[in-house]
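Novice: Please put together the full structure from these sequences, using the hints given.
Number of protein chains: 2
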Amino acid sequence: MVRNKIDDINCSLADSLNLIGEWWTILILRESFFGTRRFEDFQQHLGIARNILTARLATLCDNGILERVPVKEGAKRHEYRLTSMGRDLLTVIIALTQWGDRWLRQEQGAPVNFIERDSGEVIPEVCIRSKDGRQLKTRDLAMVPGPGATDKTRERLRQIAEAWHKRELV
Amino acid sequence: MVRNKIDDINCSLADSLNLIGEWWTILILRESFFGTRRFEDFQQHLGIARNILTARLATLCDNGILERVPVKEGAKRHEYRLTSMGRDLLTVIIALTQWGDRWLRQEQGAPVNFIERDSGEVIPEVCIRSKDGRQLKTRDLAMVPGPGATDKTRERLRQIAEAWHKRELV
DNA sequence: ATTAATAGTTGCATTTAGCAACTTATTATG
DNA sequence: CATAATAAGTTGCTAAATGCAACTATTAAT
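Chains Y and V are the protein sequences, given in the same order.
The first sequence begins at 1 in the working numbering and counts up by one.
The second sequence begins at 1 in the working numbering and counts up by one.
Among the hints, erroneous ones may be present.
Said to hold, decoys possible - Mimicking BS3-like on lysine-lysine, the simulated pairs with C-alpha atoms at most 25 Å apart in a straight line are: (1) V:K137 / Y:K131; (2) V:K76 / Y:K166; (3) Y:K152 / Y:K131; (4) Y:K166 / Y:K152; (5) V:K166 / V:K137; (6) V:K166 / Y:K137; (7) V:K166 / V:K152; (8) V:K166 / Y:K76; (9) Y:K131 / V:K152; (10) V:K131 / Y:K72; (11) V:K72 / Y:K166.
Just so you know, the hints here were simulated from the structure itself, not pulled from any lab data.
Quick caveat: nothing in here was measured; it's all calculated off a predicted structure.
Specialist: Now the structure itself:
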């Protein structure tokens with residue numbers, strides 16, 4: 001799929017989704033965080049079709065999110081492990097899990113709680129904060145061009161800012 | 001697709017992905033955060049096929065992430081707006097955008113920076129924190145059954161904890 | 001009343017995913 | 001070492017999802 005074709009803003013979100021936005025990919029990564037490393041284990045835990053799993057693991061390896069390492073020194077079989085790039089996705093995965101807990105399981109409560117290993121305390125919800133630690137909402141945020149902005153991006157951001165003022169200040 | 005079929009852990013992540021994990025959905029939500037509300041605008045900004053856009057907007061409305069509201073009092077035409085459930089996804093979207101900034105645009109830098117509207121300061125990276133505000137990494141985290149855990153979930157979490165000890169303490 | 005814009009729908013081609021059986025290589029076992 | 005068992009895919013086929021472009025039906029503007 002070409003999700004960025006006519007996109008008028010060069011956005012890291014679309015790029016990220018091109019790497020991890022395919023069916024199953026995030027659940028594969030969740031399994032990785034759970035400690036799963038072997039093909040058969042991914043397949044059995046997720047119930048994913050074997051050919052799709054093959055394809056997804058290859059994409060993740062090609063993009064540096066997982067790496068294939070020998071099961072042990074000199075072994076021919078390998079396993080799939082998170083790279084630091086992959087581990088860095090944990091924030092996204094936990095944020096999305098917590099969103100599901102909040103909105104899809106209000107009655108039952110979360111099936112799984114993430115705790116800090118040392119203290120055993122449940123971690124608070126991942127959220128957007130200001131530099132000095134205040135929690136921010138959608139309305140508190142705006143966007144400005146960053147160092148990698150193209151002209152198109154600047155233009156789009158200008159239009160967004162303008163539309164916002166029209167709607168918010170009237 | 002049935003992504004949760006053989007899943008042996010009842011996970012909010014899989015549920016979340018069933019709502020927002022389809023092609024295009026997250027980019028549609030990004031557009032919503034940018035202020036886009038009308039069908040034609042979504043279509044033109046994203047370059048998405050019209051029938052797919054129709055389907056995605058319907059799913060998002062059905063699940064309470066967007067809502068259809070009349071363009072103005074009494075008008076027949078409507079527009080699509082984020083609900084509070086939808087706005088609550090901003091954390092995920094920013095986390096994923098920032099991940100893309102970090103790993104896919106190391107040279108150029110981020111095309112878009114999120115700032116706090118009042119201060120103009122760029123917001124820090126969304127991250128996982130402990131109760132007292134320390135930043136946590138993958139290794140600092142563990143999982144325990146929450147109030148909504150099933151027997152299967154408990155069993156799986158037990159296995160994960162056991163495997164972790166074997167690998168980490170040797 | 002007529003036109004233009006908006007918001008879809010429909011039919012068809014292409015791509016992607018699911019399934020189950022088959023293949024190949026690699027470890028374990030007697 | 002031979003054989004079996006496991007692991008890790010591959011292949012061929014079916015079903016479902018997506019892309020595209022043209023068409024339709026409202027609604028709003030003049």
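Novice: Looking back at the numbered hints, which does the structure fail to meet, lowest number first?
Specialist: 3, 6, 9 and 10
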